[in-house]
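Asks: Single-letter residue listing:
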Amino acid sequence: MDHFPTNWGRPRNDAFDAYGTYPIAQRPYNGPKDTFETGVQRTQQPIVTGTSVLALKYKDGIMMAADNLASYGSLARFKDVERLHSVGNNTVIGAGGDMSDFQYIQSILDSLMIEEFTAQDGHSLGPSEIHEYLSQVMYSRRSKMDPLWNSLIVGGFKDGKRFLSYVDLLGTTYSSSTLATGYGSYIAQPLLRKAVEGYEDVLTEEQAEKIITECLKVLFYRDARSLNKYQIATITAKGVHISESRSMETTWSFAEGIRGYGSQTQ
Amino acid sequence: MFRNTYDSDNTVFSPQGRLHQVEYALEAVKQGSAAVGLRSKTHSILLALKRSSGELASYQQKMFRIDDHVGIAIAGLTSDARVLSNFMRQQAMSSKMVFNRPAPVNRLVSAIADKAQVNTQEYGRRPYGVGFLVIGLDQSGPHLYEFSPSGNSYEYYAMSIGARSQSAKTYLEKHYESFADCSLEELIKHGLHALRETLQQDKALNVNNTSIGILGPASVHETGISSSGSFRILEGDSIQPFLDTMVPKDAPAPAAGSGGAAADEDVQMQE
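Protein sequence lines correspond, in order, to chains A and B. Heads up, the first sequence is in full-length UniProt numbering, so the first residue is 1 and it goes up one at a time. Heads up, the second sequence is in full-length UniProt numbering, so the first residue is 1 and it goes up one at a time.
In case anyone wonders, no lab produced these hints; they're calculated from the structure.
Here are some chain B residues the structure puts well away from chain A; computed CB gaps all over 12 Å: (1) Gln61; (2) Leu192; (3) Ile233.
One-sided excerpt, in silico: chain B residues whose CB lies under 7 Å from chain A: (4) Val98; (5) Arg101; (6) Pro104.
All values reported here derive from a predicted model rather than from experimental measurement. Using N, Cα and C, we set each Cβ at its ideal position, and we do this for glycine too.
Given only the sequences and the hints, what does the whole structure look like? Please build it.
Replies: Have a look at this one:
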């Protein structure tokens, strides 16, 4: 019940009274006044998760890779998930972390691109704008203690310039010619840096692909939540291309000779 | 005709299909002192005639900076202008903060046009009583827009609003085809000549009553301007070199205009 006499007989907020017949602008507001009124939000935990994303700058643009696995804890639950998503013709985002939050991010970015498209005025959102927008969203969610539990890499090519940047659930951002999330940031990053740093303007697509698949292979051996099925995305002046899923060859024959755990030999 | 019965409510059409309140709002714009806008391939400029209420008073500000790449000149109710320009500034800042890009100028103008339109359709609200000339610079080059309280906005090569602006428009229509290739100094000279047409007899442009707003690389008379040419307002002694380039009038041209008997004051909100 509305206790304030000044609101009686006046146009009311549709969400709380369906029979308002006037525009709502600048009328007394009867809705919840802050987050605590709607119920306290708590930090979550990620449920269905993706692991590392790798990315590097090469001569023609940006190359990014991620495997096709979404884990449910230690269970390798969904093995055909696409963790690289194109945004317009100039940008790809790769996500690790909670996959439902990533799906939400995909839908808000899709809405954003549609809105921009409908303006039809020659302007479009490129990788730098998408990254800035995502940083604002991620940081603001973190500040409400309700994060989108992801680590994202935003890579793109627009107006002749390459763009590669990172943003995560805390709203932390950084940029480099090689980036990796999750286990990749520990295992793959040194390999990427050794191969790429200083050669960003020289590396061909074949060379870049070789470096990335090598890193993915090492990750499959070492990261217990990874898969040997993966996709590679390239963003160049020609636009975005995300490959079909590929598999990689690995040798596990050393496993036959193992006895016990660690130092135990029987 | 029966204008009076249909003109007190904003939400009532006249039998001729007109909204008289909106048209009266356009009148308020015509009461403000003149502002002229024009553009070339490299620059967009605004020139405005400032009024003062008397010798002891200062001259009314006619230009506002919205962002580095957008500036406006106003004609009409100054208080309404401040509200709308504040809104434009918020929109411009929001684009930089959320997307890390300068707001596309056409979208800024559409935003205030849509905002003004609400006031022409909601019961109990009055239309904004101010018109803008908006200049902007983006990837597609310099732009000039007019915004009016009816909620319409248009893009122009050159335009003028305010009192006796028709005389300025006549000058602009005569010369606009040469504007594209003008240097900044030539463009300002054209603008000053157009603005001079709006003056009443015996009045002249001087460093006190003229404002020049510029977007684009620096002119020969300016120092310390960024290479991208951020919006700046020139007033006072800094515009003397530009005034000196004007061709003197041989005989005082009769200031052609409509309803010259109107009080010579920018409409201010009375306390």
